[in-house]
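> Next come the chains, spelled out residue by residue.
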Amino acid sequence: MLEFFLSFLILTGAIFTFIGSLGLVRLKDMYTRLHGPTKATTLGVGSLLIASAIYFSAQGPSISLHEFLITIFLLITAPVSAHLLAKTALHLNLTSLAEKPEKDAIDQGGPDEVDTAEETEKADTTDTAVKPEAAEALQAPDQTKS
Amino acid sequence: MTRLLPHPVLTPVLAVIWLLLNNSIEPGQILLGLALSWAIPVLTIRFWPEAVSIQKPFALVRYTIILFYDIIMANFTVARLILGNPDKLKPSFVKLPLDLTSDLAISLLANSITLTPGTLSAQLSDDHSYLLVHALNETDPETLVANIKQRYEKPLKEIFESC
Chain A
77 MLEFFLSFLI LTGAIFTFIG SLGLVRLKDM YTRLHGPTKA TTLGVGSLLI
127 ASAIYFSAQG PSISLHEFLI TIFLLITAPV SAHLLAKTAL HLNLTSLAEK
177 PEKDAIDQGG PDEVDTAEET EKADTTDTAV KPEAAEALQA PDQTKS
Chain B
39 MTRLLPHPVL TPVLAVIWLL LNNSIEPGQI LLGLALSWAI PVLTIRFWPE
89 AVSIQKPFAL VRYTIILFYD IIMANFTVAR LILGNPDKLK PSFVKLPLDL
139 TSDLAISLLA NSITLTPGTL SAQLSDDHSY LLVHALNETD PETLVANIKQ
189 RYEKPLKEIF ESC
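Top line first, the protein sequences correspond to chains A and B.
Following the working numbering, the numbering of the first sequence begins with 77 at its first residue and continues without gaps.
Following the working numbering, the numbering of the second sequence begins with 39 at its first residue and continues without gaps.
So here's chain A without its partners, still in its complex pose:
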């Protein structure tokens, strides 16, 4: 009985992981491709891990809970990496099926027709502009403590 349940979980996991990877091939642009791996894999890897936890708890001397940690870390990190990839894609102004938002709506929007030299200059000025504030922010907690 347990084996049926476990094989069901493992099969579900395998199918969803496969669909997630299939999304990378079938979908047409960078942004939609991100949807496949970030979502279809959460349930896929999730059910594989649940199956692993149940199997090793039933087999081994003690309950195996490592898998829950893996699940938690996966749920925390997968969206962050997807967010960074999407942010980078926006910044590089990659082609998108969806209508891209106007540049001033989001402050750090992609460099439209700015050539690279200008862009690095901009980055330099923002860096120096930020520095004094950052220094103040670092000092602030110390002052409140004393």
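Don't read these hints as lab results, they were simulated from the structure.
Note that the Cβ used here is the ideal one computed from N, Cα and C, for glycine as well.
You may find that some hints are simply not true.
Partial pick of chain A residues on the chain B-facing surface, computed with a CB cut under 10 Å [what the hints assert, rightly or not]: (1) ILE126; (2) ALA158; (3) ALA165; (4) HIS167; (5) LEU168; (6) ASN169.
Derived CB-CB ranges, DEER-like [said to hold, decoys possible]: (7) SER83/A <-> THR139/B: 39 to 49 Å; (8) LEU150/A <-> GLU196/B: 20 to 30 Å; (9) ASP165/B <-> LEU170/A: 16 to 26 Å; (10) SER97/A <-> LYS128/B: 17 to 27 Å; (11) PHE149/A <-> SER167/B: 28 to 38 Å.
Mind docking chain B on chain A? Use the hints.
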């Protein structure tokens, strides 16, 4: 008090993670875990200047259950969209105005959005007033925004910002 125990929430969480990592509840491991989970927040206090305060723990549990349910549903929705005809998809960018102010709440909201049905948080505006959301197949952006605000942002506001 605040110096010796800067993050009252972080300490028990770290202790539980330590015990899970070691997969044991021997007294030695519990003591070591408690010592580490006390020392790490004290040593990393400059990295986390604001203490996390959870106003309503039960709302957090309820939020987690809703989120897990949505994640499972999201998997089926996205799987169906991927297996269907990709040319019929209507991806779009949606601007989500934020009411949340705390950084932790915003990052939790962004994570939730990425984990749930066909949406992906792409960018946070510099002044933290907008979150740019990419939807895989969205014909009605206003409903999507209303849905996210009602389902995720409201409970998060209750949990982390009491007012």
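> All hints are to be evaluated individually against the structure, with a verdict given for each.
Evaluated hints:
no.	hint	verdict
1	ILE126	violated, 12 Å
2	ALA158	holds, 5 Å
3	ALA165	holds, 8 Å
4	HIS167	holds, 9 Å
5	LEU168	violated, 13 Å
6	ASN169	violated, 13 Å
7	SER83/A <-> THR139/B: 39 to 49 Å	holds, 48 Å
8	LEU150/A <-> GLU196/B: 20 to 30 Å	holds, 27 Å
9	ASP165/B <-> LEU170/A: 16 to 26 Å	holds, 25 Å
10	SER97/A <-> LYS128/B: 17 to 27 Å	holds, 23 Å
11	PHE149/A <-> SER167/B: 28 to 38 Å	holds, 30 Å
Going down the numbered hints, you'll see the structure goes against 1, 5, 6, while the others check out.
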